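Visitor: What follows is each chain in one-letter form.
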Amino acid sequence: MNNIEIKLKDLVKDLFAGEKIDVLIGYENGSLPLRSRPCFVHSAGEVDRLVWNSYCTNNLAVYLPRIFQRQEHKKEETPPPRVGIIAKGCDARSVVGLLKENQVIKENIIVIGMPCSGMIDPAKVEAALDGAGPYSCQGEVDGSLEVTTSSGEKKRLKREEVTAEACLECSHPLAEGADLQIEGEPKEACDERYEKIREFEAKSTEERWQSFVKEISKCIRCYACRQACPNCYCKICFVDQTKPRWIGASDELSNVMIYHIGRIFHQAGRCVECDACVHACPMDIDLRLFTQKLVKDVKELFDYVPGLSVEELPPLWTFKQDDSQSFITEP
Amino acid sequence: MLQGLIKKEDLKKLIASVKKEGTFYGLIRGSEGLSLSELGPDDEVTLDYSNFKMPPKRQFFPFSEVICTYEDESMTDLPLSEEKAVIFGVRPCDALSLLYLDKIFIDEKFTDPYYRSRRDNSLIISLACREPLKTCFCTSVGASPAGKKGADILAFEVKDSLLFEACSEKGTRFMENYPAIFKKPGKADIKARDEEVSAAEKRVQTIDLSGITEKLQGCFDSPLWEEISQRCLGCGVCTYTCPTCHCFGLYDEKVELKGRRIRVQDSCMFPSFTLEASGHNPRTSNEERMRQRIMHKFRYTVENFEDIFCVGCGRCISNCPVNMDIRETLAEVIK
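Listed in order, the protein sequences are those of chains A and B.
Going by the working numbering, the first sequence opens with residue 1, and the numbers climb by one from there.
Going by the working numbering, the second sequence opens with residue 1, and the numbers climb by one from there.
In case anyone wonders, no lab produced these hints; they're calculated from the structure.
All of these numbers come straight from a predicted model, not from anything done at the bench.
A portion of the hints provided could be inaccurate.
Said to hold, decoys possible - Okay, the calculated beta carbon distance ranges per label pair:
(1) Glu311/A x Thr213/B: 51 to 61 Å
(2) Ala277/B x Ala44/A: 26 to 36 Å
(3) Phe238/A x Leu257/B: 23 to 33 Å
(4) Pro113/B x Glu160/A: 48 to 58 Å
(5) Glu32/B x Gly143/A: 28 to 38 Å
(6) Ser136/A x Ser222/B: 30 to 40 Å
(7) Arg245/A x Glu82/B: 30 to 40 Å
(8) Asp323/A x Arg116/B: 52 to 62 Å
(9) Leu257/B x Asp284/A: 38 to 48 Å
(10) Glu185/A x Tyr300/B: 47 to 57 Å
(11) Ala277/B x Gln210/A: 54 to 64 Å
(12) Gly259/B x Gln210/A: 23 to 33 Å
(13) Ala277/B x Glu195/A: 45 to 55 Å
Unchecked claim - Coverage of chain B stretches by chain A, computed from C-beta distances (three or more under 8 Å per stretch; other residues unrestricted):
(14) 51-63
(15) 132-138
(16) 150-163
(17) 230-237
(18) 241-255
(19) 299-305
By construction, the Cβ of each residue, glycine as well, lies at the ideal position given by its N, Cα and C atoms.
Kindly generate the complete structure, drawing on both the sequences and the hints.
Guide: The following block contains the structure:
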């Protein structure tokens, strides 16, 4: 057990002992290699399930709106729970966004910031093993991931080569503004992040459209991207509404596109680039290309970075006379 | 049982011959990863994979299809598929799943003509598994790496060749059609196959499912479902990538009196799946939806069709964004 994990468990035990929280959202070991998964801890006795390692990819803030949403179907009204949540930089920024949008009760939440050094992307590991089949992982040694393939071959993969894209380009690895911090050394913030987006922007309208079509046509309409995103908490998503019906039910490209355009544009000024949608997608659609483009646009047009301050008004909530309008006439 | 040996490089000849009468589907690795695609003689057939992402049900039960069009008072059914297809490279677990889907769509009383026409016109050549994944548990649910159920022909990789074994009349007829392509296998080939098969079978992880249906009959109101479903995000990955999930919805898309009716796959994990016209929804939470999914596969289908509708392919495990593992869920139920 690593040092950070020990500190975390002690802290959570104290929170339960002091009756500060009713539930803690954290990570436990998953059933597959390189996989930790969300878990819900309800008492001090369960705290030892918690883990902290390089596989804690999920954005846990996704569970908050549903925890705090009034349970209309339940006959008895129960008071909202007091929730502790383990937060990487991105999770913490999502919590800030949710607080701003009144999806989280401020008094009922304790954010525990983790020193995040970036998460491993299992897809990159599989690619690095070049389809060598099932593998097991022995953990990290000297900045490398040790894996054994099914044929018994041991391989060392450099950490940065198998780190998730979102983490490589992460601008806020530390959960600033968290209520409690677990001390440790987070990775350095990355400032040089938009290389791919600039390449995308340099393309012609037609080429950009074709990139969009190529990616989106892989979609199977499972809505994993929507469900994994902390920002997607609408009670009834526009794609599920029936009166009026905004979008057809088939997998024809025009329908799939309307869904994605709708989802992506709703992220403007809200997306924290955690890539929960990217990791959730079973079809490996590069959704990051589109959400990150929006993040860049919002920064450039409105000088706004989501998820950093509860007080600062997001650009789509407000109108200032000197707001940029360049995009309105852009061809 | 008819057996025949074909050099891997000669698959191209087989593809070219089949192309004269129909379509040959096989696995190719393209820019979008591995997928079942229409092959030409020049395409490189991939044999090096554990399984492919989207289950073969999509060949027979596409995600969405127009089933009829209408205008004023007249309605026109869409013509049934007449495409003759050979589908090569399906894994034995997935081939078994087709027999389960047949029970749903080709029933004595109600037969789905769209599904049936595609099934009747297709020949399935399964490819036996050599390298089961960590998420595979086929041998615990009646399938196996070299299972024949659902296949017309079962193929085995034997060194630089493929050993074809006919498993149905249709498969036998197919092989008899191409006498020049198949050679008689030797004893060494059969032995090599047997060794591969037993090695693969040993590598499949097993789970104990004894009494699962009875257990499920007694736990409809168990608090277990709430506990298990807590981290479920409520997306459709498990159902859409499942080879046996077959629920669908019908939608009319019309402008004034002209329109079309389409059939679209649906998922019991979506709230809209059970939304009633009144606005009432009898399954309001993840917990109830997950219970339904497990009950349907491991209890209701056993009661109705005497089969567990799971073939142990593990797609729901490997694709789940929050690592819901059906093996663990079932173990919790049995506990």
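Visitor: Run the structure past the numbered hints and jot down the numbers of the failing ones, going up.
Guide: 2, 11, 16 and 19
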